[in-house]
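Engineer: Here is what each chain is made of, one letter per residue.
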Amino acid sequence: MTAKRFELNGKQAIVAGESPFWSKYIAAALAKAGADVAIIGKKSTRMDAALNEVKQTGRTALAAVADVTSAAQVKTAVEKVHSQSGKIDILVNVADIRLGKPFLDTSENEWQAVMTGNLVAAMNTCKAVGPIMLAQKHGRIINLVSCLAERGMPNSSAYCVAMGGVLQLTRALSLEWALEGITVNAIGTGWFKEDKKEAFNEADPLARYIPAKHYGLPDDIAPVVVYLASDATSFTTGQFMYVDGALMAHA
Amino acid sequence: MASGNNTLQGKVAVITGGGTGLGRAMARALAEEGCDIVVAARRIGPIEETAAEIRQIGTRGLAVSTDVTVSAQCNRLIATALKEMGRVDILINNAGIVRKELPAEIWDITDAQWHEGIDVNLASAFYCSRAIGKYFVERKSGKIINVGAGLGFRGMRNSVMYPTAKSGILGLTRALALSWAPFNVQANVLVPGFVDTADLQPAEQKAMMLARRNETGRRLFVPVGSQGVPDDIGSLGLFLASDASNYITGAVFISDGGGLAGSLATTGYAPIIELEKELL
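These protein sequence lines are chains A and B, in that order.
Per our numbering, the first sequence starts with residue 1, numbered consecutively.
Per our numbering, the second sequence starts with residue 1, numbered consecutively.
The set of hints was computed from the structure by calculation and includes no laboratory data.
Hints are not guaranteed to be accurate.
27 Å max Cα-Cα, derived DSSO-like pairs, lysine-lysine [unchecked claim]:
1) B/Lys277 x A/Lys196
2) B/Lys277 x A/Lys193
3) A/Lys213 x A/Lys80
4) B/Lys100 x A/Lys213
5) A/Lys75 x B/Lys277
6) B/Lys277 x A/Lys42
7) B/Lys206 x B/Lys134
8) A/Lys32 x A/Lys193
9) A/Lys43 x B/Lys206
10) A/Lys32 x A/Lys42
11) B/Lys100 x B/Lys206
Computed, partial: chain A to chain B, Cβ under 7 Å [to be verified]:
12) Glu110
13) Gly152
14) Asn155
15) Pro205
16) Leu206
17) Lys213
18) Gly216
19) Ala249
20) His250
Here the structure is a predicted model, which is why all the values come from computation and not from measurement.
Think of the CB as a built atom: it goes at the ideal place given N, C-alpha and C, for glycine as much as any other residue.
Working from the sequences, and respecting the hints, build out all of it.
Structural biologist: Listed below in structure tokens is the structure:
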């Protein structure tokens, strides 16, 4: 059950971007809180799973198939959602295109794929929903951003750069639209796994770094998305909120 | 004559916790550039040693036994420095202590232990800054360097006093920097990482530090793969004490082998993840 003041009844949400598993859980959480949810991304089993989650709650699920790296396709997809629902209250960018490679081995194409898949995709969706939210004088934009936006790691140059870009886009837009009823926030994701609350064995190289001693689950993020999407957070903008089991707090 | 280029010639620095470790390293680095040094700590032996080293480098070195947790003694330290040296240009608040023997459980920490942690690591910097502040402001020149710590930014399980006090150093420094910026007084935070100071310690600590020298655990947290050397911090102290930093205030300067830049995973953890094929 969603707390009354965090309910999203009657709101139209968009979950956009390609990622290994975020779409499904974020879409489900938004729908359970009362929102209708459109998914923008390529046609895939991941998209189907997300749509299915929404349908099961009884809310309206809408597939807006698009290559999120294409501004034109995203614009068309957003217009499709807008024409059906008459508004767009919430945009959640869940793009999470990963690459782990030494910097010197990273090809130009790989670098581009990480930049476009994570950063350009977020730019495209923000650009497409921007005019609608500005006209509404209301909007919630929530970007899922890896904590690697603020820290470095070997073999992660492209990913760190792209995620750092999404974080800075969040901060810049939050200020640009601060007087327009639009909030723009980022959720900082630590080490996550989709399936189970796997306890660490101490030999795991990450064990020391997650004080909670287990990976995060997508459902650890979902309530924070709902919270930031709700009317309760109109004074909260430009923030980077970690959901990381104290990863970033730890030395 | 000092061995450097005398870029600090005629200037005077007061360094608390200057008898051992990083305090002594900074004292040496400044003295090499011609700076006169007043070293303060509770025990007279180590600071006398530092002062003797400074005189050997070729500048004036003065040891003033000071319990920096007592504000009257901090006042006396500054007054003595001004009287004996004629001026003070630089204050390095370096005194600090990590009490390994503190109880693991927070509920077992006594009021006395709490106050000791705050007094040594934080109040001392306030007392000494307060004692010198009006002088710096009135002459429209002065530099305060507060030694912080990585644990001022990050936490550690069952570690309370040091991180609490060291994050306080950040707030204190910003307050000093902003309040006195119009008067050409700079205040900055110097953050050392793991530094091997075994050679700058008195006998009993030296044995402990030597044992730690090759501890793999420490290296795991340092991306460059080894602990720093005292000169790493001496050089940073020198930079922040020099005219090169005249436009820098309220800032944090870190020399930690990359520790704070990473620490989402063990040093050397470098995952290989292929891009999903259809994305290329």
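Engineer: Could you work out which earlier hints the structure fails to respect and list their numbers in ascending sequence?
Structural biologist: 3, 7, 9, 17 and 18
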